[in-house]
Amino acid sequence: MDMEEIGISPNVETGVPSGHLSVEAAARRLGLDTFTIYSFIQRDRLSPFFDDDGEYVVSEREVAALAQPRKE
Amino acid sequence: MLKKDGKPWIPRGPRGSGFDLVGDEALAYRAVSDSLDRDLRSLEKIKEQLNALEQVRWERPNPRVQETFRASDGATWDVYAHLVKLPKSRILLCRPRDGSHWSVIQEFEEGSAYASAHGRREVLTQGHNVREVVMDYVAQANHTLRFSERNLVANAQKMVWQQFPEHNPGKVVEALMEHCDKAVTHKRLIGESEVQNIGQSRGMRV
Numbered sequence: 001m002d003m004e005e006i007g008i009s010p011n012v013e014t015g016v017p018s019g020h021l022s023v024e025a026a027a028r029r030l031g032l033d034t035f036t037i038y039s040f041i042q043r044d045r046l047s048p049f050f051d052d053d054g055e056y057v058v059s060e061r062e063v064a065a066l067a068q069p070r071k072e
Numbered sequence: 001m002l003k004k005d006g007k008p009w010i011p012r013g014p015r016g017s018g019f020d021l022v023g024d025e026a027l028a029y030r031a032v033s034d035s036l037d038r039d040l041r042s043l044e045k046i047k048e049q050l051n052a053l054e055q056v057r058w059e060r061p062n063p064r065v066q067e068t069f070r071a072s073d074g075a076t077w078d079v080y081a082h083l084v085k086l087p088k089s090r091i092l093l094c095r096p097r098d099g100s101h102w103s104v105i106q107e108f109e110e111g112s113a114y115a116s117a118h119g120r121r122e123v124l125t126q127g128h129n130v131r132e133v134v135m136d137y138v139a140q141a142n143h144t145l146r147f148s149e150r151n152l153v154a155n156a157q158k159m160v161w162q163q164f165p166e167h168n169p170g171k172v173v174e175a176l177m178e179h180c181d182k183a184v185t186h187k188r189l190i191g192e193s194e195v196q197n198i199g200q201s202r203g204m205r206v
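As you go down the protein sequences, you meet chains A and B in turn. Residues 1 to 72 in the working numbering are what the first sequence lists, from first letter to last. Residues 1 to 206 in the working numbering are what the second sequence lists, from first letter to last.
FYI, nobody ran anything at the bench for these hints, they're computed from the structure. Owing to the predicted nature of the structure, the values given are computational and were not obtained by experimental measurement. Idealized CB from N, CA, C, for every residue including glycine. Any given hint could turn out to be false.
What the hints assert, rightly or not - Which chain B residues stay away from chain A? Per the calculated CB distances, all over 10 Å, these:
1) Gly74
2) Ala117
3) Gly170
Claimed, not checked - Selected chain B positions facing chain A (in silico; Cβ < 8 Å):
4) Tyr80
5) His82
6) Lys88
7) Ser89
8) Arg90
9) Tyr114
10) His118
11) Asn142
12) His143
13) Asn155
Put together the whole structure using the sequences plus the hints.
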């Protein structure tokens, strides 16, 4: 699925689509390093999207969910 | 920077191949590669640590315990090796004190939002053969390196096309891709067959 299909428009300043975070921003929010964020994407713990420049971004909602305790 | 006929010059490929970056091409390349340098060095550092793990003889008769920790279920785990140091976490080779299986565990910084929500440690790979368990992790991490490199290249492309559209951007991007690739390419290939069919429990909290 690409950006247009899910109807998201980029933030003019950062280029990151609204509702999404760059890998660096996701890492900062979770207190992790970017390498770990990439490994989460590989392990399907975060869904990858591409911004208009072909860079990976992740869903802000999914990042917020990772900051919440997992439901056992 | 080297100069040729008074112009900035970055030699590439065989002499006369036309791959050299000259003048504005070389300046564009240098500007973008300088701005990627910090990220690239961080990937190189991880790659060096992974390469070192491939050289270790893991099957030792009496491995020494370096530290211990108590898992969230109260079990005691022994740490036998610090495999990789990442900027905000570390990768450890561990075994539960009352168990025989080996685990590669990622330990996150205490107090991070993620660790507060999920606990400080997660199992990345697990099994009974210590070498296979470590090599499985190495294969995963090398894949992650490639993934990280891909994003770095996309970033480089964006910068070149936005900032230096008049400076033969296709050629500059090609040189930058080669530069990024060198940073994360394996020095030698891992035997893929070694890392298959291992009992795994990825992402399990301990």
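Structure-based check of each hint:
No beta-carbon of chain A comes within 10 Å of the beta-carbon of glycine 74/B; the shortest separation is about 16 Å. At the 10 Å boundary, the C-beta of alanine 117/B falls inside the reach of chain A, the nearest C-beta of that chain being 5 Å off. For glycine 170/B, the shortest C-beta to C-beta distance to chain A comes to about 15 Å, beyond the 10 Å cut-off, and the non-interface label holds. Because the closest C-beta pair between tyrosine 80/B and chain A is about 22 Å apart, greater than 8 Å, the hint is violated.
About 16 Å separates the beta-carbon of histidine 82/B from the nearest beta-carbon of chain A, more than 8 Å, and the hint is not met. A hinted interface residue such as lysine 88/B counts as satisfied when its beta carbon comes closer than 8 Å to some beta carbon of chain A; here the least separation is about 4 Å, so the hint holds. Residue-level restraint check for serine 89/B holds (minimum Cβ-Cβ distance to chain A is 6 Å; threshold 8 Å). Because the closest C-beta pair between arginine 90/B and chain A is about 11 Å apart, greater than 8 Å, the hint is violated.
The closest approach between the C-beta of tyrosine 114/B and any C-beta of chain A is roughly 4 Å, which is under the 8 Å cut-off, so the hint is satisfied. Using the Cβ-Cβ criterion of 8 Å, the hint placing histidine 118/B at the interface with chain A is satisfied: the shortest such distance is roughly 6 Å. Violation of the interface hint for asparagine 142/B is found here, the shortest Cβ-Cβ separation to chain A being roughly 11 Å, above the 8 Å cut-off. For histidine 143/B, the shortest C-beta to C-beta distance to chain A is roughly 6 Å, which falls under 8 Å, so the interface hint holds.
For asparagine 155/B, the suggested interface contact is upheld, since its CB lies about 6 Å from the closest CB of chain A, less than 8 Å.
Hint compliance for this structure: hints 2, 4, 5, 8, 11 are broken, all remaining hints hold.
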